[in-house]
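Participant: Listed below are the residues making up each chain.
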Amino acid sequence: MTYDVARIRKDFPILDREVRPGVPLVYLDNAATSQKPHAVLDAMRDYYEQSNANVHRGIHTLAEEATALYEGARDKVARFINAPDPREVIFTKNSSEALNLLAHTLPFGPGDEIVVTEMEHHSNLVPWQLACARTGATLRWVGLTDEGRLNLADLDRVITARTKVVAFVHQSNLLGTVNPVDVVAAKARSVGAYVVLDASQSVPHMGIDVQALDVDAVAFTGHKMCGPTGIGVLWGRFDLLDELPPFLGGGEMIDEVTMAGSTWAQLPHKYEAGTPPIAEAVGLGAAVDYLTELGMPAIRAHEHDLTVYALERLQDVEGLRIIGPTTADDRGGAISFALAGIHPHDVGQLLDEVGVAVRVGHHCARPACLRYGVPATTRASVHLYSSRTDIDALVEGLTHVRAFFSS
Amino acid sequence: MTYDVARIRKDFPILDREVRPGVPLVYLDNAATSQKPHAVLDAMRDYYEQSNANVHRGIHTLAEEATALYEGARDKVARFINAPDPREVIFTKNSSEALNLLAHTLPFGPGDEIVVTEMEHHSNLVPWQLACARTGATLRWVGLTDEGRLNLADLDRVITARTKVVAFVHQSNLLGTVNPVDVVAAKARSVGAYVVLDASQSVPHMGIDVQALDVDAVAFTGHKMCGPTGIGVLWGRFDLLDELPPFLGGGEMIDEVTMAGSTWAQLPHKYEAGTPPIAEAVGLGAAVDYLTELGMPAIRAHEHDLTVYALERLQDVEGLRIIGPTTADDRGGAISFALAGIHPHDVGQLLDEVGVAVRVGHHCARPACLRYGVPATTRASVHLYSSRTDIDALVEGLTHVRAFFSS
Amino acid sequence: MTVDSMYQEIILDHYKHPHHRGLREPYEVEVRHLNPTCGDEITLRVHVEGSAEEGWRVADVSYASEGCSISQASASVMADLVIGKDIDAATAVYEDFLTLMQSKGQAEPDEDVLEDAIAFVGVSRYPARVKCALLAWMAWRDATTQATEGSPT
Amino acid sequence: MTVDSMYQEIILDHYKHPHHRGLREPYEVEVRHLNPTCGDEITLRVHVEGSAEEGWRVADVSYASEGCSISQASASVMADLVIGKDIDAATAVYEDFLTLMQSKGQAEPDEDVLEDAIAFVGVSRYPARVKCALLAWMAWRDATTQATEGSPT
Ligand SMILES: Cc1ncc(COP(=O)(O)O)c(C=O)c1O
Ligand SMILES: Cc1ncc(COP(=O)(O)O)c(C=O)c1O
Chain V
1 MTYDVARIRK DFPILDREVR PGVPLVYLDN AATSQKPHAV LDAMRDYYEQ
51 SNANVHRGIH TLAEEATALY EGARDKVARF INAPDPREVI FTKNSSEALN
101 LLAHTLPFGP GDEIVVTEME HHSNLVPWQL ACARTGATLR WVGLTDEGRL
151 NLADLDRVIT ARTKVVAFVH QSNLLGTVNP VDVVAAKARS VGAYVVLDAS
201 QSVPHMGIDV QALDVDAVAF TGHKMCGPTG IGVLWGRFDL LDELPPFLGG
251 GEMIDEVTMA GSTWAQLPHK YEAGTPPIAE AVGLGAAVDY LTELGMPAIR
301 AHEHDLTVYA LERLQDVEGL RIIGPTTADD RGGAISFALA GIHPHDVGQL
351 LDEVGVAVRV GHHCARPACL RYGVPATTRA SVHLYSSRTD IDALVEGLTH
401 VRAFFSS
Chain D
408 MTYDVARIRK DFPILDREVR PGVPLVYLDN AATSQKPHAV LDAMRDYYEQ
458 SNANVHRGIH TLAEEATALY EGARDKVARF INAPDPREVI FTKNSSEALN
508 LLAHTLPFGP GDEIVVTEME HHSNLVPWQL ACARTGATLR WVGLTDEGRL
558 NLADLDRVIT ARTKVVAFVH QSNLLGTVNP VDVVAAKARS VGAYVVLDAS
608 QSVPHMGIDV QALDVDAVAF TGHKMCGPTG IGVLWGRFDL LDELPPFLGG
658 GEMIDEVTMA GSTWAQLPHK YEAGTPPIAE AVGLGAAVDY LTELGMPAIR
708 AHEHDLTVYA LERLQDVEGL RIIGPTTADD RGGAISFALA GIHPHDVGQL
758 LDEVGVAVRV GHHCARPACL RYGVPATTRA SVHLYSSRTD IDALVEGLTH
808 VRAFFSS
Chain L
815 MTVDSMYQEI ILDHYKHPHH RGLREPYEVE VRHLNPTCGD EITLRVHVEG
865 SAEEGWRVAD VSYASEGCSI SQASASVMAD LVIGKDIDAA TAVYEDFLTL
915 MQSKGQAEPD EDVLEDAIAF VGVSRYPARV KCALLAWMAW RDATTQATEG
965 SPT
Chain G
968 MTVDSMYQEI ILDHYKHPHH RGLREPYEVE VRHLNPTCGD EITLRVHVEG
1018 SAEEGWRVAD VSYASEGCSI SQASASVMAD LVIGKDIDAA TAVYEDFLTL
1068 MQSKGQAEPD EDVLEDAIAF VGVSRYPARV KCALLAWMAW RDATTQATEG
1118 SPT
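Protein chains in written order, with our numbering: chain V, 1 to 407; chain D, 408 to 814; chain L, 815 to 967; chain G, 968 to 1120.
Bound-form chain V, shown alone (with noise of 0.2 angstroms):
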């Protein structure tokens, strides 16, 4: 069967709308967040009509249909980052939660060493920031090189026997660059050190395997692959998560509580405090279900065509200069670039006049703009729905945004 993008569109609702009468959306936004196709919508709707109920602990038909449909989802999502058993899988609000929770449990003190990226997101950089503050332990982080890319000539100076941590992103979501994991992981794994990876852009746009990856930890959101806002993935090893400490207490995550000292459930359960995301969980497995159905191979074959065009395109484009990979090898499809002499924000407000909607600003990923010397870029990311049309769409906008400002 062949990837038929027209066919997919159909799909997605919004893809049908015009921003202003006449002029038609072109959403190249998807770095941000990605479009929901109608299964998800339809998913969501159907659990509150029929089968809304607090999960757990509940006996009555709802509860119990409640519950089988949210761990239903979790069970989705474990085989679809091939978990080897769906207790690994805890749901979160979001990447950054997950993200926190890790910088919160596991072990490290005064003289340990935490490893980043310059590249990081920042929500893989403050929560170390912020925990290195709180335990005396010292940040360090791996520089990158002028292409986008990390410096991987950094990794022995940086990562060393004081090194507890390595937490590094899979794929920028300002740069595009898809890191090597098993060049880091393994590096990190020789001084003993946990790997983290953040695989918020990862996981919509090539899928991952956990095993095959073998780092210790995964974050991702639902909200950037085809899923519901209010939910994240936070996936850990089985004995890893097992071992580490609570860190939000309350509802479901207990075993025995009394007022002078509780214990604590089993996984996941005792990293889900509280009533979970629910409708959330059960659209995030409809997304899982689409995303299956299309396949993680297919969507990624179409937007590395995707990308290979948009890059070759946008080069064409007098004073563009891109920030990150300037080809598609180990690359995703978010494209940040700056136009010379005109501001991101003039450029996102007049291609916004024309329908295309891009990103602009330092994407939470201010100190990879610093290094390269943009205080903001603006940022063109396709999905798995994005089209040739999209990108001319795009080229042609911004060829729009030249005549104005040099007229």
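Careful: at least some of the hints might be erroneous.
[What the hints assert, rightly or not] Cut-off 20 angstroms, straight-line C-alpha distance, at most; resulting in silico cross-link-like pairs (DMTMM-like, lysine to aspartate or glutamate):
#	chain 1	residue 1	chain 2	residue 2
1	L	Lys-945	V	Glu-256
2	L	Lys-945	L	Asp-926
3	L	Lys-945	V	Glu-71
4	G	Lys-1098	D	Glu-472
5	L	Lys-918	V	Glu-118
6	G	Lys-1071	D	Glu-471
7	L	Lys-918	V	Glu-71
8	V	Lys-164	V	Glu-64
9	G	Lys-983	G	Asp-1077
10	L	Lys-918	V	Glu-64
11	D	Lys-417	V	Glu-118
12	V	Lys-76	V	Glu-243
13	G	Lys-1071	D	Glu-478
14	V	Lys-10	D	Asp-712
15	L	Lys-945	V	Asp-255
16	L	Lys-918	V	Glu-243
17	L	Lys-945	V	Glu-65
18	G	Lys-1098	D	Glu-663
19	G	Lys-983	G	Glu-1082
20	G	Lys-1098	D	Asp-423
21	V	Lys-10	D	Asp-453
22	D	Lys-571	D	Glu-663
23	G	Lys-1098	D	Glu-471
24	G	Lys-1071	D	Glu-456
It should be emphasised that the hints constitute simulated quantities derived from the structure, not laboratory data.
Let chain V serve as the given structure and place chains D, L and G with the ligands on it in line with the hints.
Facilitator: Relative to the frame of chain V, chains D, L and G with the ligands by itself:
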């Protein structure tokens, strides 16, 4: 306008459902979670089909619409609880996260004391237990009377100059008891302690006015107030939240980030790390509109009537003992009971057989169960769409349960 | 599917007239297990005879418990089934019961092995109640492992 | 409503040919303000004359900045408007501009007070850009308060 339950029930699609062919649903598990009206489901669907984008920092049309909808929901919630400033409204994932946020950021240490009550939901107990373990503070608690009320005689003994925080539940999810916030808050104020109110069960059934309550912080949760799962609210006095340190780190909650360190965004963003529950906020805003249109005083009056009726009818059931206040004064419509010689699991299972959905267990309030010598209870709880017919079905069901086990 | 498939006559009988209830001497190990979702609990004692070399025999099991009809009946049936058996045989019954409870009502249990425990096939359809049915068995398994391996698991 | 309502000719002119740009001496206070959502930043100096008793006058304002057309043009217009005015008069302009930016395109600004700044009425329709237009004004307000009250606010 009279309160027309039959008309109101039409707004809730799930209330038409049969749990099994010929057995209509009688939903009396509202203290666990509420059902959702069309208006809430439509608002979320419209959001996803028309305006879905990540909020803040976007300048394209969808991002502006999404931001306006998200911040508009914050304004609605602020008005609903009479908050002086919408920036005091922080969206969390549920009540539990809101309470954990406070337990992590309020200042206390060794020698200090935290006071809770013996009727707390685990979500307002375990976070403080964990905080005490972390900081060296000591947890103390106000006991309960045989009638299911706070033992106010304990206040002077338990709340002392060493008390830094008094955290207690407004309306108990197990007992139904509505606590005298003014009395407890006045005592807490007299020793200079912060006052934290768990309003998870009061906001949905009677509404709150945070200025009239004169407390420092309040937690509640969307899914119990006709809103979606995946969202909760922390309200706190501006000056207090402004001076407290951040909790979760990540995108959106920062001002300036460098590898060496970061500074924090203004309220409310300081406490909203990562992509927030956007569609969920939109849904919660619609729920607040729905509740406001019916009117919280009318809802409260309706539920009060039902509670009077239910208490009366239940006490006619042979062998039934109510755990909690037996009259409807200062009491909400969550009614826990024990049926002589029949375990709550069996009660719940047989009620489900006739379509009546109740909750059984310790309701995440195990210390209070222990206090009353019951490992578990059966709990029936009403909401704005409940009717006398529901109560009649429950009472009839209980007769069926007794017959089954006495045969 | 009605609730009668869960509340079989056999189950109600064991519930109303439980066997081997009440803590007895002698015993080597006593454990307390709790079902945190509902507060059901059981205190269970095992008395074993034998040795690692010769093999072990379940000489006695007794318990005190609080809980619903399913968990009470299950404790009674369990005690009947394991007392007097060699550990290996008792463990085989335990494993068959586990399989039965995970079957979602689909299993066709072997009455020769499971005896009265076959009545629990209906319970296996109700996920929330499976834990009730397993509580006593888990406690027995835990206590027996400790008694025969000499250390807590 | 089209984007032309934002990019008025006046704004584009100030953007392309900014007034008072480049840091100058003398000055009493220099501040740096940042728009965290987009990385726009401004370093701004104020030089005031006078005293608390006699009243203060804005003797000079200069700045170095990086940012979009709106934030750049706004800095240029702001400097034109406040330099040479008494603090009270300059503050009144600041407040009028603030009101204008909160008007969501509904205000009918007074050209006698706001002069070129009236061109920003279109910007006030775009919530994400309001911050850009306010950046320089906020920096000026901060620096001036420090200069006249003698301490950081
Ligand atoms: C009194 C009370 N507090 C806190 C909570 C926790 O709410 P959530 O599970 O939404 O975090 C609940 C409900 O479960 C409750 O009833
Ligand atoms: C690489 C990366 N990490 C983390 C995040 C944070 O995800 P969320 O905002 O859903 O917590 C994002 C997206 O914003 C991201 O792109």
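Participant: Which of the numbered hints above does this structure break?
Facilitator: 2, 5, 8, 9, 11, 12, 14, 16, 20, 22 and 24
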